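Chemist: Produce the complete structure using the sequences and hints provided.
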Amino acid sequence: MIKMDNLLNFTYERRFGMTKLDMVNKVMEEMNLQKPKAEEAVELIIKKIKEKLANGETIILRRFGSFSVRNKRTRMGRNPKTGKEVEITARRVVRFKSGKYFKDAVNK
Amino acid sequence: MTKAELAEEISVKINLSKKDTEQIISIIFESIINALSKGDKVELRGFGSFRIRHRSSRDGRNPKTGLKVKVPSKKVPFFRAGKELKENVNNISGNQLIK
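Heads up: the protein sequence lines correspond to chains A and B, in order.
Residue numbers for the first sequence follow our numbering, beginning at 1 and rising by one.
Residue numbers for the second sequence follow our numbering, beginning at 1001 and rising by one.
If you are wondering where the hints come from, they were derived from the structure by calculation, not from laboratory data.
The structure presented is a predicted model; accordingly, all values stated were derived computationally and were not measured.
It is possible that some hints are incorrect.
Said to hold, decoys possible - In silico lysine-lysine, BS3-like type, Cα no more than 25 Å apart, as pairs:
#1 A:81 to B:1086
#2 B:1018 to A:26
#3 B:1041 to B:1086
#4 A:103 to B:1003
#5 A:37 to B:1019
#6 B:1013 to A:37
#7 B:1075 to A:100
#8 B:1038 to A:20
#9 A:20 to B:1075
#10 B:1075 to A:47
#11 A:100 to B:1041
#12 B:1003 to A:47
#13 B:1041 to A:26
#14 B:1013 to A:108
#15 A:26 to B:1064
#16 B:1013 to A:47
#17 A:97 to B:1074
#18 B:1074 to A:100
#19 A:26 to B:1070
#20 B:1018 to A:37
#21 A:97 to B:1038
#22 B:1064 to A:100
#23 A:52 to B:1086
#24 A:35 to B:1041
#25 B:1070 to A:97
#26 A:35 to B:1018
#27 B:1018 to A:47
#28 A:108 to B:1070
#29 A:20 to B:1068
#30 B:1013 to A:103
#31 B:1083 to A:47
#32 A:20 to B:1086
#33 B:1075 to A:48
#34 A:48 to B:1013
#35 B:1038 to B:1074
#36 B:1038 to A:26
#37 B:1018 to A:48
#38 A:47 to B:1086
#39 A:48 to B:1019
#40 A:35 to B:1003
Modeler: Pasting the structure below:
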């Protein structure tokens, strides 16, 4: 088990950051679940949040923050390469607002 | 929608208790906070990525008193929606999602 942990830490350090797999491993360990179950849980949670956002709903997670959808109006923009003016069509964008706990944590 | 409501909907699908599901949601988001606190990025395919953005210090003003104050530089968590999520929030015909 200890060897496994070292291995995970090692690969984690060498990559650019954390991925879904690291999360699955964490859930597996802390909840004492089998890997397929942990995988399913992580996938379902992400999928659900995506679905809710697609429906325009706001998701509020205490400490972490909130995800919401905002409507953007059509506006004029410029292609940075060519300098040509282009119209940016109206669209919806996902906005994340971090919670106080999260903000404080990254500044510690 | 809150974590509890999210957990309720998901728990029936994975056949875990509501409490366990809520805990799993907490583990996931807590792990993102931990990673960013260490200076790492987090990438979730299809959803988006989380990383730290630096805000340099600036001169601000206390809106009440009008006094000048120095706002120190700080780090802020930043989320960028992935391609799939961007498409999902824009492609809603009715309220049926394709995937």
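Chemist: For every hint, state whether the structure bears it out.
Modeler: Cross-check of the supplied hints:
In summary, the hint linking residue 81 of chain A to residue 1086 of chain B is supported, as the alpha carbons are separated by about 23 Å, within the 25 Å threshold. Straight-line distance between C-alpha atoms of residue 1018 of chain B and residue 26 of chain A comes to about 19 Å, which keeps the hinted pair within the 25 Å bound. Taking the CA atoms of residue 1041 of chain B and residue 1086 of chain B, the gap is near 20 Å; set against the 25 Å cutoff, the hint holds. A C-alpha spacing of about 19 Å is found between residue 103 of chain A and residue 1003 of chain B, which places the hinted pair at or below 25 Å, so the restraint holds.
Annotation: proposed proximity of residue 37 of chain A to residue 1019 of chain B holds, straight-line Cα distance about 16 Å (limit 25 Å). Proposed proximity of residue 1013 of chain B and residue 37 of chain A is supported: the alpha carbons are some 11 Å apart, at most 25 Å. With a C-alpha separation of about 12 Å, the suggested pair residue 1075 of chain B and residue 100 of chain A falls inside the 25 Å cut-off, and the hint holds. As the CA atoms of residue 1038 of chain B and residue 20 of chain A are separated by approximately 17 Å, the hinted pair is consistent with the 25 Å bound.
For the hint pairing residue 20 of chain A with residue 1075 of chain B, the CA-to-CA distance comes to about 24 Å; that is within 25 Å, so the pair holds. Of the pairs offered as hints, the one joining residue 1075 of chain B and residue 47 of chain A is violated, with about 29 Å between alpha carbons and a cut-off of 25 Å exceeded. With a C-alpha separation of about 19 Å, the suggested pair residue 100 of chain A and residue 1041 of chain B falls inside the 25 Å cut-off, and the hint holds. With a CA separation close to 14 Å, the supplied pair residue 1003 of chain B and residue 47 of chain A stays within the 25 Å bound.
Distance hint between residue 1041 of chain B and residue 26 of chain A is fulfilled; the C-alpha atoms sit about 16 Å from each other, no more than 25 Å. This hinted pair does not check out: residue 1013 of chain B and residue 108 of chain A have alpha carbons roughly 38 Å apart, beyond 25 Å. Distance restraint check for residue 26 of chain A and residue 1064 of chain B: the Cα-Cα separation of roughly 46 Å exceeds the 25 Å cut-off, and the hinted pair is therefore not satisfied. Restraint check: the Cα-Cα separation between residue 1013 of chain B and residue 47 of chain A comes to about 12 Å, which is no more than 25 Å; the hinted pair holds.
With a C-alpha separation of about 16 Å, the suggested pair residue 97 of chain A and residue 1074 of chain B falls inside the 25 Å cut-off, and the hint holds. Taken as a hint, the residue 1074 of chain B and residue 100 of chain A pair is honoured in the structure, with Cα atoms around 13 Å apart against an allowance of 25 Å. Only pairs whose Cα atoms come within 25 Å are accepted, and residue 26 of chain A paired with residue 1070 of chain B is rejected, the gap being roughly 41 Å. Taking the CA atoms of residue 1018 of chain B and residue 37 of chain A, the gap is near 15 Å; set against the 25 Å cutoff, the hint holds.
At roughly 20 Å between alpha-carbon atoms, residue 97 of chain A and residue 1038 of chain B fall within 25 Å of each other, so this suggested pair holds. Proposed proximity of residue 1064 of chain B and residue 100 of chain A is supported: the alpha carbons are some 22 Å apart, at most 25 Å. Between residue 52 of chain A and residue 1086 of chain B, the direct Cα distance comes to roughly 13 Å. Compliance with the 25 Å bound is thereby established for this hinted pair. Taking the CA atoms of residue 35 of chain A and residue 1041 of chain B, the gap is near 23 Å; set against the 25 Å cutoff, the hint holds.
The straight-line distance between the Cα atoms of residue 1070 of chain B and residue 97 of chain A is roughly 24 Å, inside the 25 Å bound, and the hint therefore holds. Between residue 35 of chain A and residue 1018 of chain B, the direct Cα distance comes to roughly 19 Å. Compliance with the 25 Å bound is thereby established for this hinted pair. Proximity of residue 1018 of chain B to residue 47 of chain A is assessed by CA-CA distance (about 17 Å); at most 25 Å being required, the pair is judged to hold. Straight-line distance between C-alpha atoms of residue 108 of chain A and residue 1070 of chain B comes to about 19 Å, which keeps the hinted pair within the 25 Å bound.
Among the hinted pairs, residue 20 of chain A with residue 1068 of chain B is inconsistent with the structure: their alpha-carbon atoms are about 45 Å apart, more than 25 Å. This hinted pair does not check out: residue 1013 of chain B and residue 103 of chain A have alpha carbons roughly 32 Å apart, beyond 25 Å. At most 25 Å may separate the alpha-carbon atoms for a hinted pair to count; residue 1083 of chain B and residue 47 of chain A meet this at roughly 14 Å. A hinted pair counts as satisfied when its Cα atoms are at most 25 Å apart, and residue 20 of chain A with residue 1086 of chain B qualifies at roughly 19 Å.
For the suggested pair residue 1075 of chain B and residue 48 of chain A, the alpha carbons sit about 29 Å apart, so the restraint of at most 25 Å is broken. As the CA atoms of residue 48 of chain A and residue 1013 of chain B are separated by approximately 11 Å, the hinted pair is consistent with the 25 Å bound. Taken as a hint, the residue 1038 of chain B and residue 1074 of chain B pair is honoured in the structure, with Cα atoms around 15 Å apart against an allowance of 25 Å. Proximity of residue 1038 of chain B to residue 26 of chain A is assessed by CA-CA distance (about 16 Å); at most 25 Å being required, the pair is judged to hold.
With a C-alpha separation of about 15 Å, the suggested pairing of residue 1018 of chain B with residue 48 of chain A holds against the 25 Å cut-off. For a cut-off of 25 Å, the pair hint linking residue 47 of chain A to residue 1086 of chain B stands: about 13 Å separates their Cα positions. Proximity of residue 48 of chain A to residue 1019 of chain B is assessed by CA-CA distance (about 17 Å); at most 25 Å being required, the pair is judged to hold. For the hint linking residue 35 of chain A to residue 1003 of chain B, the alpha-carbon distance of about 23 Å falls within 25 Å, and the restraint holds.
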